[in-house]
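Place chain S on chain B using the hints.
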Amino acid sequence: MGATISRLGERPNLWPWLLLAPLTAYLAIFFLVPLADVAVMSFTEPRLSLANYQKIVTGTLYQRVFLNTFLTAGLVTLVCLCVGYPLAYLMNNSKPRTAMLILLLVTMSFWTSFLVRTYAWMVLLGNNGPIVALLSALGLTNPPQLLFTRFSSTLAMVHILAPYMIMNIYSVMRKIDPVLIRSAESLGARGFSLFRHVYLPLTAPGIANGCVLVFVLCLGFYVTPVLLGSPREQMIAGLIGHQIEEFLAFGMGSAMAMVLLAITLAILAVYHRRFGLDKLWG
Amino acid sequence: MDQYLQLNGITKKYGDFTALAKVKLDIRKGEFVTFLGPSGSGKTTTLMIIAGFEKATAGDVLVEGRSLSGLAPHERNIGIVFQNYALFPHKTAVENVYFPLQMRGIKRTEGLGKAAEMLELVGLRGLGQRYPKELSGGQQQRVALARALVFEPSLLLLDEPLGALDKNLREQMQIEIKRIQRTLGVTTIFVTHDQSEAMSMSDRIVVFEKGEIQQAATPLEIYHRPRTRFVAGFIGESNLIPARITDAAGKAENPALGTCDFTPVETLSQGQDVTLLIRPEHIRLSRKPVEGRKNAAMQVETIVNYGDNALVIGRVGDLPMRVRVLGADVVIIQEGEECCISWLPEAVFVISR
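Taken in order, these protein sequences are the chains called B and S. For the first sequence, numbering that gives the first Met the number 0 begins at 0 and goes up steadily by one. For the second sequence, numbering that gives the first Met the number 0 begins at 0 and goes up steadily by one.
Bound-form chain B, shown alone (with noise of 0.2 Å):
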């Protein structure tokens, strides 16, 4: 027995490794080898130093950018919060037919190319679409500017990012055992005072995994908040695309990544320690 266990100690299985590295080398090619480009860039462009994180740090632009992605990030993840957690709700306690339809609309909604939903709302809030139309139809003389604002944007992203939070409550909805409700129930709890000290103790996990997962999506949103949002309420990618694209500013597009690519990591992190990241996938 012990000689076995030794002869197989000094043969580790390499296939595994075998099959693994294409996809090792391709990530290594095409992702880390460019993102430590862009991090070697955030301090040599456009000559080395650390110019490019002192003005992120003093730079009133850039504060105002940082801060309004992380007020849009909060605000998209709450208000998906609010919808998603009734609809996962809904999903897991109605029969099984109405559950798959609402799975099915959730999942189609999901399926669909986020630039194609983007374009949608567009069309929809757009001030020759067919909301505009109709507010002025119920007799609103000066309808409001509907498209470009935060709210256009807000409402686009929590429509592409509602499914994650959705998907992630409905989880661990369905993982709860019936028997602690009735449990619950025969120890004398009822209607608010069931929900607050045993359903949703019981959903947290999912709650906080949905969170997570939608603030930081969030935070880094590109082409939803450049084509709806508010010009003036730029977002941090939105920037780097703009930092980029229209100015080469290259150094301080990096440096903005990198701080972003930063917190995100930082999110993370504590949210590792807190629940352990592979729950994060359900």
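Because the hints were derived from the structure by calculation, they are not lab data. Nothing here was measured: the structure is a model prediction, and the numbers come from that model. You may find that some hints are simply not true.
So the derived label-pair ranges between C-beta atoms look like this [claimed, not checked]:
1. S:D307 to B:P11: 53 to 59 Å
2. B:F191 to S:P88: 16 to 22 Å
3. S:R107 to B:A98: 36 to 42 Å
Note that CB positions come from ideal geometry on N, CA and C, so glycine has one too.
Same frame as chain B, now just chain S:
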């Protein structure tokens, strides 16, 4: 007093299927009653109807003469211990026990104090701050018991609570549950499919089969005077012998055994088809026929040795028979041999259903 809990003709139908048919039962205050039966016999359905999780198609549940029908589960004040304990994983043991008090508006300090006292009663002193996953199966069981008792429920329901425990722990918990139940004097219904559990714990056993109560009686009466073939076969080991009454005063005949004497307890008529019950431990094994007993010659087929006793399985003609003998007696016999089995007329119990 005699009718603390009444089940009044409870019927439960799922479409065309009748899960419970007019179940009627009275339970005294402080009584420990066991619902015994195979799975699908209706025992758990009855429990769920009492708890309020299932609605009866017809019939009523009354506690002290008051109907529970209109009450939701949370209004019934019934403590339940579920099969898998159903402890709240996000609460510590003491918080779990405090939960029903919290729901009744009892202040935290007072409630936690009461919960700690209850944990001490179930033998979990000092473990209150642990989470359920940090407790063993038996300890979780005790927490669930404490939680179901802390609010002084009018009734305690136990739904196969020992199913997940290993044999030693089971026996220990049987004694514990009985002790706690006696201490608090709470009226208890215990659901199980384990007959030895039912025998050792209950004041009264209610045997369920196919949605009907077959018999409700003390453990000894169930064992010695089963009312139906099913009860006789389900509880303990038994020789069930088809026979016909030849004399209503105490004689029955079986083709293999010939005429058997018995002591009649109910009125029987001549020519009636019945089942004779003879418990294996009431049969004696010997080399030669014994005077004053009914004797028969048995071909021994198998001997199962348990150390202090043995089960001898054989045939009298084509009739299978089982005999339980003490360890010392088994050495006289070997598989394949013929021997004599005998019993007294008092050992024969007639089942007419």
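Verification of the supplied hints:
At roughly 55 Å, the beta-carbon separation of D307 (chain S) and P11 (chain B) lies within the given 53 to 59 Å, and the hint holds. Between F191 (chain B) and P88 (chain S) the CB atoms are about 21 Å apart, so this pair conforms to the stated range of 16 to 22 Å. Between R107 (chain S) and A98 (chain B) the Cβ separation comes to about 38 Å, which falls inside the hinted range of 36 to 42 Å.
The earlier numbered hints are all upheld by this structure, with none contradicted.
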